[in-house]
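> Please build the complete structure, drawing on both the sequences and the hints.
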Amino acid sequence: MLAYVVRRILYAIPILVGINVVTFALFFLVNTPDDMARMQLGQKRVTPEAIQKWKAERGYDKPLFYNQGSLTDTIFFEKSVRLFAFDFGRAEDNRDIASEIRARMGPSLALAIPVFLVGLAVNITFALGMAFFRATYLDFWGVVLCVAMMSISALFYIIGGQYLISKLWHLVPISGYAGGVDAAKFVVLPALIGVVGGIGAGSRWYRTLFLEEMTRDYVRTARAKGLAETSVMFRHVLKNAMIPILTGVVAVIPLLFMGSLLSESFFGIPGLGSYTIDAIQAQDFAVVRAMVFIGSVLYILGLLLTDLSYTLVDPRVRLD
Amino acid sequence: MPTVLATDLLVWLLVAAAIAFSIYCARRPHLAAPWARVFRSPAAIASGVFLGFYLLVGLADSLHYRPALPSKEGGPAAYSVQVVSLLDVALASLRNRTERTYSAPLATRLFQKEQVEQPDGKSLRDFPRLRHGGAHLQDEAEWGRDIALRVAAGLAVAAALWLLLFSLTRKALARRWPHVPWTAAYAALGALLTVAGPAAALAAGYHVLGTDRIGQDVLYQALKSIRTSLVIGTLTTLVLLPVGIAAGIAAGYFRGWIDDVIQYVYTTLNSIPGVLLIAASVLMVQVYVDANASMFPTAAQRSDFRLLMLCAILGAVGWTGLARLLRGEALKLSQLEYIQAAHAFGVSHTRILSRHILPNVAHIVIIALVMDFSGLVLAEAVLSYVGVGVDPSTTSFGTMINAARLEMAREPMVWWSLGAAFAFMFLLVLAANLFADAVRDGFDPRVRV
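Residue numbers (this note's numbering), protein chains in the order written: chain B, 1 to 320; chain F, 1 to 449.
Honestly, I wouldn't trust all of these hints.
Ranges between beta-carbon positions, derived for each pair [as the list claims (entries may be wrong)]:
id, chain 1, residue 1, chain 2, residue 2, range
1, F, 145, B, 167, 51 to 59 Å
2, F, 350, B, 86, 24 to 32 Å
3, F, 411, B, 216, 52 to 60 Å
4, B, 183, F, 295, 43 to 51 Å
5, F, 371, B, 138, 22 to 30 Å
6, B, 78, F, 292, 49 to 57 Å
7, F, 406, B, 133, 43 to 51 Å
8, B, 181, F, 116, 51 to 59 Å
9, F, 371, B, 220, 50 to 58 Å
10, F, 264, B, 315, 24 to 32 Å
11, B, 315, F, 406, 49 to 57 Å
Derived, one-sided and incomplete: chain F residues facing chain B with beta-carbon distance under 8 Å [to be verified]:
id, residue
12, 173
13, 177
14, 263
15, 271
Because the hints were derived from the structure by calculation, they are not lab data.
From a predicted model like this one, the values you see are computed outputs, not experimental measurements.
Think of the CB as a built atom: it goes at the ideal place given N, C-alpha and C, for glycine as much as any other residue.
Take a look at the structure:
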């Protein structure tokens with residue numbers, strides 16, 4: 001088990017290196033720091049001196065790979081290799097990116113965790129309901145509703161929910177955030193919207209998993225024993241269908257840290273999602289690069305957790 | 001002067017490919033059978049009618065030209081820098097009748113108060129009459145009657161058109177394709193005409209869906225957005241397919257180090273958060289466009305380049321899913337007896353791949369293709385909201401939503417731009433989802449029981 005984990009972690013290293021090279025290529029080779037400077041300083045009539053100054057302030061004035069016998073005093077080392085040590089440098093507004101990320105993790109999780117847990121519970125409930133009433137009108141219209149809900153843009157859920165609940169009914173503040181217990185009143189609406197927006201795709205997917213499980217032999221055996229349909233569903237089908245559901249869900253747990261891009265920026269929650277969006281809109285390359293790296297690390301962590309969760313949930317799977 | 005934008009060219013190429021593919025399929029019974037199953041589903045037929053309408057609008061919007069400017073006698077012909085499409089010509093009345101700023105759907109007066117000159121010379125702050133919306137009304141009290149008359153006329157024309165189509169085509173279609181549930185098609189057509197007829201009748205005198213901040217007709221914008229959505233939903237797959245198919249099949253069939261390399265590449269690409277990878281690439285494209293402004297003589301060409309690059313980026317990010325699916329399937333297939341037999345006979349790799357593997361994974365490719373479409377349409381809106389979608393000057397559902405979002409705080413709220421964008425997008429995505437489901441059911445061999 002331990003050997004497996006170690007090997008998987010070692011596998012992750014070339015992938016992280018690859019990510020680093022891809023981002024480096026995107027940010028420094030496809031366009032030179034000169035282009036970035038011109039973009040940041042405004043489009044037209046930028047003096048070469050201003051560009052030089054901009055580059056020097058941010059350390060972009062070094063050679064890309066090789067600097068007079070030194071490999072460390074280069075852009076590649078300063079901007080890309082340092083990411084491995086979680087040294088992200090400074091943003092355009094000269095704030096330390098690492099401390100900013102630490103500060104914003106809390107609000108992101110305050111929104112992401114409720115959405116994740118409640119969403120999972122709601123989706124499983126709906127899916128189980130549809131599977132229980134399979135091949136009836138309830139199931140049919142449930143699936144139709146799911147497809148319709150999947151077809152609605154995430155932006156609509158957010159804008160519609162914000163308008164209806166905050167603006168017309170004045171139940172919760174339109175946007176903003178506060179620390180501690182006060183966070184609840186700011187988080188409840190985006191969380192609700194996140195859950196509702198995920199019902200369509202989630203329930204439909206889990207429904208197919210349940211239905212697949214219900215064609216298995218042990219289900220027939222359970223029915224043949226004379227078990228009531230409800231106990232077949234809850235005691236046998238639900239338990240076994242949880243294997244694909246849980247292992248599928250484990251992959252996204254680390255990514256919860258990244259926050260939700262849309263909800264956070266619409267509701268003014270100072271999390272990592274809105275940080276990312278602001279960075280993209282302000283074209284703050286340092287922050288985007290840092291977020292790409294963190295996201296990738298979390299994704300790889302998710303893959304590892306998925307593999308491990310197979311062994312934990314399903315004793316038939318052995319890792320060696 | 002006809003102007004061929006890069007996306008136009010690719011769109012028409014895709015249309016040609018689709019026609020060629022359908023002829024190819026129709027001649028081969030084993031390929032025609034799954035499609036016949038698809039078209040036996042009423043939901044697929046009904047959504048197909050709606051998709052057809054969207055497609056018509058999108059294609060009409062993909063024939064561009066630059067209108068000639070009135071030039072001096074004998075002088076060289078001069079052309080406008082504005083690129084217009086066939087759809088623009090058809091909707092010229094909608095395009096040109098702009099107001100000063102916001103006006104509500106079917107309104108006769110502007111949404112904002114302005115200084116209005118009274119007949120007696122005094123000026124007063126009031127909602128001024130619109131320049132075009134309801135301008136034919138002498139007395140605004142007639143408004144309700146006028147609307148009702150127009151709706152009735154629109155419905156009558158729609159009903160007549162529907163009856164005409166129904167009586168002309170029903171027998172021929174039922175004879176040619178007896179298993180297709182044509183009732184669903186006619187019902188969908190009826191629903192479409194019921195909305196389109198009155199809308200067209202009202203559009204002649206009013207702004208059916210209101211106007212936006214700079215006074216442009218929202219209905220016109222929504223119709224223009226269709227092309228952008230379709231382009232993103234289809235051209236992306238053009239990039240995605242060759243890469244995904246080649247990588248997936250090669251990894252599954254050859255295994256060994258080829259598999260390792262391909263798996264490494266797609267795990268790496270997959271690990272980078274999609275939005276960020278897209279954002280980074282789009283920012284790069286934007287820098288490139290700004291640095292090479294001379295490459296693009298018109299604004300339309302510039303925004304078209306960005307649209308094309310967005311498709312390429314989405315494709316470059318999106319091929320990994322397809323590759324993974326195909327790898328698994330090719331792994332399974334390459335173990336089967338008939339492939340081993342082919343090996344034993346000394347059949348070359350290329351021949352095994354093209355004759356045995358590729359046809360047997362084609363259903364996965366087709367299912368993935370139609371399933372991706374709706375996701376891409378929805379993604380466009382989100383990306384445009386984030387600011388890494390299409391060029392701000394390109395009309396798309398995303399840019400419409402983005403522009404309207406700024407007016408959310410206004411009291412009373414300006415809802416029509418948002419509403420129109422969401423409604424048009426919802427219909428398109430819903431139709432695409434239903435159609436994709438039918439395609440999946442028709443092609444997936446496991447579903448056949």
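> Next step is simple, just say for each hint if it's right about the structure.
Results of checking the hints against the structure:
1. F:145 to B:167: 51 to 59 Å: Check failed, 35 Å falls outside 51 to 59 Å.
2. F:350 to B:86: 24 to 32 Å: Violated: the Cβ-Cβ distance is about 47 Å, outside 24 to 32 Å.
3. F:411 to B:216: 52 to 60 Å: Once the Cβ atoms are compared, 58 Å apart, the range 52 to 60 Å for residue 216 of chain B and residue 411 of chain F holds.
4. B:183 to F:295: 43 to 51 Å: holds (50 Å)
5. F:371 to B:138: 22 to 30 Å: For residue 138 of chain B against residue 371 of chain F, whose Cβ atoms are near 26 Å apart, the range 22 to 30 Å holds.
6. B:78 to F:292: 49 to 57 Å: violated (28 Å)
7. F:406 to B:133: 43 to 51 Å: Since the Cβ atoms of residue 406 of chain F and residue 133 of chain B sit about 45 Å apart, the hinted range of 43 to 51 Å holds.
8. B:181 to F:116: 51 to 59 Å: Once the Cβ atoms are compared, 53 Å apart, the range 51 to 59 Å for residue 116 of chain F and residue 181 of chain B holds.
9. F:371 to B:220: 50 to 58 Å: violated (32 Å)
10. F:264 to B:315: 24 to 32 Å: holds (31 Å)
11. B:315 to F:406: 49 to 57 Å: holds (56 Å)
12. 173: Not OK, violated: residue 173 of chain F not within 8 Å of chain B, min 27 Å.
13. 177: Not OK, violated: residue 177 of chain F not within 8 Å of chain B, min 26 Å.
14. 263: Status violated, d = 10 Å.
15. 271: Interface hint status for residue 271 of chain F: holds (4 Å vs cutoff 8 Å).
In the structure shown, a violation is registered for the earlier hints numbered 1, 2, 6, 9, 12, 13 and 14, in ascending order.
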